[in-house]
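**Student:** Spelled out from the first residue to the last, the chains are:
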Amino acid sequence: NAGVTQTPKFQVLKTGQSMTLQCAQDMNHEYMSWYRQDPGMGLRLIHYSVGAGITDQGEVPNGYNVSRSTTEDFPLRLLSAAPSQTSVYFCASNKGFGANVLTFGAGSRLTVL
Amino acid sequence: GIQVEQSPPDLILQEGANSTLRCNFSDSVNNLQWFHQNPWGQLINLFYIPSGTKQNGRLSATTVATERYSLLYISSSQTTDSGVYFCAGLFGNEKLTFGTGTRLTIIP
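Protein chains in written order, with our numbering: chain A, 8 to 120; chain B, 600 to 707.
Hints are supplied without guarantee of correctness; some may be wrong.
Said to hold, decoys possible - Distance ranges between label pairs, derived from CB positions:
id, chain 1, residue 1, chain 2, residue 2, range
1, A, Met-34, B, Gly-656, 16 to 26 Å
2, B, Glu-666, A, Lys-21, 23 to 33 Å
3, A, Asp-45, B, Gln-677, 36 to 46 Å
4, A, Gly-103, B, Asp-626, 12 to 22 Å
5, B, Ser-674, A, Lys-21, 48 to 58 Å
As the list claims (entries may be wrong) - Here are a few chain B residues that face chain A, going by a calculated C-beta distance under 7 Å:
id, residue
6, Leu-642
7, Asn-644
8, Tyr-647
9, Gly-651
10, Ser-674
11, Ser-675
12, Arg-702
No lab work stands behind these hints, which were simulated from the structure alone. Glycine included, C-beta positions come from ideal geometry on N, C-alpha and C.
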């Protein structure tokens, strides 16, 4: 049981480049989400999904796109990277927000030059 | 908007000491969780505690929902307890809001 798997772990981009952060979970969780972590600001929600085909915006969605074609996968796309998107990104999943806790991936460190 | 405030922001303790971390939230909470981020960046859930008290070994947590706060207690601290502790709450929707964390450093 791998849990939540994120790739890549590290990435360096130039301003204007695009990339996709991959997230996959094998726990049959309905809820998946993406957070970014910046120094002194905790974790901020970017986008989330409550099931396949359903996505919604979080606190800081600008500059990011998501899709949820399957229950297992929830990729995060940066269409035109900016230095302000330099951050550590975490994907998380859970069964739903009853009494279910959030399981995080290991994180992806992105640097935009 | 919803506010989740944690205190203290930083805490340095000698190994063996006890500590109390606090989380205040600005609205009624449906789902309150505590997380530990270790020095390697991994985030691990410690407690799901929307109300009441739970214990897990040297760690325990109490949430008083009516007064809008939660406490995380760490007893007999070990160096492996070092890291950042986050609380996060769900306030009537699907969006979990995190506090800015308490950085705990345990000195041998």
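**Student:** Work down the list of hints and note, for each, if the structure agrees.
**Tutor:** We went through each hint and held it up to the structure:
In this structure, Met-34/A and Gly-656/B meet the distance hint of 16 to 26 Å, their C-beta atoms being roughly 24 Å apart. Look at Glu-666/B against Lys-21/A: about 50 Å separates their beta carbons, and that is not inside 23 to 33 Å. Here the CB-CB span from Asp-45/A to Gln-677/B is close to 29 Å, at odds with the stated 36 to 46 Å. A hinted range of 12 to 22 Å for the beta carbons of Gly-103/A and Asp-626/B is consistent with their spacing of about 21 Å.
A beta carbon spacing of about 49 Å between Ser-674/B and Lys-21/A agrees with the range 48 to 58 Å that was offered as a hint. Annotation: interface hint on Leu-642/B holds; nearest CB of chain A at approximately 4 Å, less than 7 Å. For Asn-644/B, the interface hint holds, since its Cβ comes within 7 Å of a Cβ in chain A; the closest pair sits about 4 Å apart. At its closest, the beta carbon of Tyr-647/B sits 5 Å from a beta carbon of chain A; the interface hint therefore holds under the 7 Å criterion.
A least Cβ separation of about 12 Å between Gly-651/B and chain A goes past the 7 Å threshold, and the interface hint is therefore violated. Look at Ser-674/B: its Cβ only gets to about 22 Å from chain A, farther than 7 Å, so that hint breaks. Evaluation of the Ser-675/B hint against chain A yields a violated restraint, the C-beta minimum of about 25 Å exceeding 7 Å. Among the interface hints, the one on Arg-702/B is violated; its C-beta lies about 10 Å from the nearest C-beta in chain A, farther than the 7 Å criterion.
In summary, the structure is inconsistent with hints 2, 3, 9, 10, 11 and 12 from the numbered list given earlier, while agreeing with the others.
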